[in-house]
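Trainee: Take the two lone chains, each set in its own frame, and fit them into one complex as the hints suggest.
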Amino acid sequence: MTRLRIPGLRLFAPLAFLALAGACSIHLVSDYDEQIDNGLTQLNTDVAVFVTKMIDVAGTPAGTYSYKKNDAYPNKEFYAIQEGKLDTLIVRAQAHKALDQCPSTAVIERAVTAAVPRSELARYSAQIPKDDCSVALLQLVKGGIGDLRKFHEAQGGAGIPQVAKDPILIGGVGALIRAAITVEVAKKTGARTGG
Amino acid sequence: MALDATALVDGMVSAGENLGSDIWNSIQTFAVPELQKIATQIVAIEQNINAFTPEGAKALLDMQLRASVAVIVAMTTLTLLAVQKAINEILAAIKGVVNQAVKFGLIA
Numbered sequence: 042m043t044r045l046r047i048p049g050l051r052l053f054a055p056l057a058f059l060a061l062a063g064a065c066s067i068h069l070v071s072d073y074d075e076q077i078d079n080g081l082t083q084l085n086t087d088v089a090v091f092v093t094k095m096i097d098v099a100g101t102p103a104g105t106y107s108y109k110k111n112d113a114y115p116n117k118e119f120y121a122i123q124e125g126k127l128d129t130l131i132v133r134a135q136a137h138k139a140l141d142q143c144p145s146t147a148v149i150e151r152a153v154t155a156a157v158p159r160s161e162l163a164r165y166s167a168q169i170p171k172d173d174c175s176v177a178l179l180q181l182v183k184g185g186i187g188d189l190r191k192f193h194e195a196q197g198g199a200g201i202p203q204v205a206k207d208p209i210l211i212g213g214v215g216a217l218i219r220a221a222i223t224v225e226v227a228k229k230t231g232a233r234t235g236g
Numbered sequence: 010m011a012l013d014a015t016a017l018v019d020g021m022v023s024a025g026e027n028l029g030s031d032i033w034n035s036i037q038t039f040a041v042p043e044l045q046k047i048a049t050q051i052v053a054i055e056q057n058i059n060a061f062t063p064e065g066a067k068a069l070l071d072m073q074l075r076a077s078v079a080v081i082v083a084m085t086t087l088t089l090l091a092v093q094k095a096i097n098e099i100l101a102a103i104k105g106v107v108n109q110a111v112k113f114g115l116i117a
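Just so you know, the protein sequences line up as chains A and B, in that order.
Residues in the first sequence are numbered consecutively from 42, following the working numbering.
Residues in the second sequence are numbered consecutively from 10, following the working numbering.
Keep in mind the hints are simulated off the structure, nothing from the lab.
Restricting the straight-line Cα-Cα distance to at most 30 Å, the calculated cross-link-like pairs of lysine-lysine (DSS-like) are:
hint : chain 1 : residue 1 : chain 2 : residue 2
1    : A       : K138      : A       : K183
2    : A       : K229      : B       : K94
3    : B       : K46       : B       : K67
4    : A       : K229      : A       : K183
5    : A       : K228      : B       : K46
6    : A       : K229      : B       : K46
7    : A       : K171      : B       : K94
8    : A       : K126      : B       : K46
9    : A       : K206      : B       : K67
10   : B       : K94       : A       : K183
11   : A       : K126      : A       : K206
Chain B side only, calculated, beta carbon under 10 Å to chain A, not exhaustive:
hint : residue
12   : L44
13   : Q56
14   : A68
15   : T86
16   : L89
Quick caveat: nothing in here was measured; it's all calculated off a predicted structure.
All residues carry an ideal CB built from backbone N, CA and C; glycine is no exception.
Extracted from the complex, chain B is given alone in its bound form (with noise of 0.2 Å):
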């Protein structure tokens, strides 16, 4: 049997459109608003800056920075597993129809 390139094109596109959403999204419920939680935390603790001692401060503030790169890390995460999904429904969606043309097991 030849390939349909047409069924193939359908089955990844259809596999891979929703990568877009998925990684909008967790953009938009996640790292948006954890990132403007620690903004508003960096504003409170200068405008409280005569509680901390200066060291105390300055660790304080080290720890917004660290948070605000763990949100990225972890919206690059969300984006790998998004990206790893699509790819794999992609694969699994032509699977049967490449094996089937080559006639042995090409895609396990």
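The shape of chain A in the complex, shown without the other chains (with noise of 0.2 Å):
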């Protein structure tokens, strides 16, 4: 018998019989939402705006994360609306989730076996939280922002640097967005991811 190659596919394959043995449609990923859709590009457009703005004034008390003007905290405010925006998409892929869990633990588990050590494993398997996997890449980018927040907050006087940008935007919170982006995007389209 020929096995099936792709490492996770072997976990889908009863899944099949299921849905045959049922005799109805499976689904495995949750619906596309709209909302989800749109709350995602404006926080990318958001992060990318909030972002520019600290660099350029960077290493004045405007560009630092207590900064405080009129009585608010404008900087520290910033994480706390977007952190407050994510929760309610959260909660909106909560209402119509697909599985209880991602299967990504184990592809992970594989990816990085061998450039990791094993006592490194539990790390990365951890950085994924248990439950569907559109659930599970929103937290992901909740938790995103708050390694942005962490950071703008351990810079100190000096805030987000220049050479801070393509960390931030390009690898770290954007590369976050992009991946949940790319996914509801796959879900409106049909599974097509461009190319």
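Mentor: If you want it as structure tokens, here you go:
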């Protein structure tokens, strides 16, 4: 018998039989949600604008995490607002989730086994929230905003320097948001991801 | 009417044929370029380490690790989406033949 060679597919084969036995269509990924799509697109714009503005004023009080203006803390508030918006998107994703756990843990273990010591594996796997893939992805995005907040705060008076722009917007948070948007677009267009 | 196994298999195979290319396409066009971008940024952080506080550099690196995990989660989701599409196309392909053979709506 030919074995399925794509690692994750072996996980899905029993689901195919269940679908046939149950005589209905199967649902492995939550449905497209326009509000999640729009929310992620807006988040991408908001983060890019905020990081660019912070870089412009880096090294001045206005560029610090704790900057106070008219009894308010506009830079701190940015993070609170974005995390609040992401919580709402997570609730929407949870409302129509398809699986209780995303099978990425096994994929990640296979992907990083050769590159990192066994003791480090748990650190990678622990990054995946135990939930539906779309919910897990949004929780990772929220975690990335938390990393950006920590970075900004830890930088103290230096703020966000120019050399941090690409690590934040091309790697880091930018890559996190693009990953989530790519999935939403694929849901909308029927699994096509460009190319 | 007896079920024609060859016709069933043909329908299932043609519906499932796109699965491999869909998954490979998502890996080629999305995951590999994204992981390359993240790797480049990890090198950039190391090269500009003096611009960051120790805690700041750690937070920036944690962000890259989280982004790598997210790319893999997204890739898994795209794979699930391709599998879901293929299985549902298989079910749709055999629905008419099976329901006609058993004379009731076995496959809804």
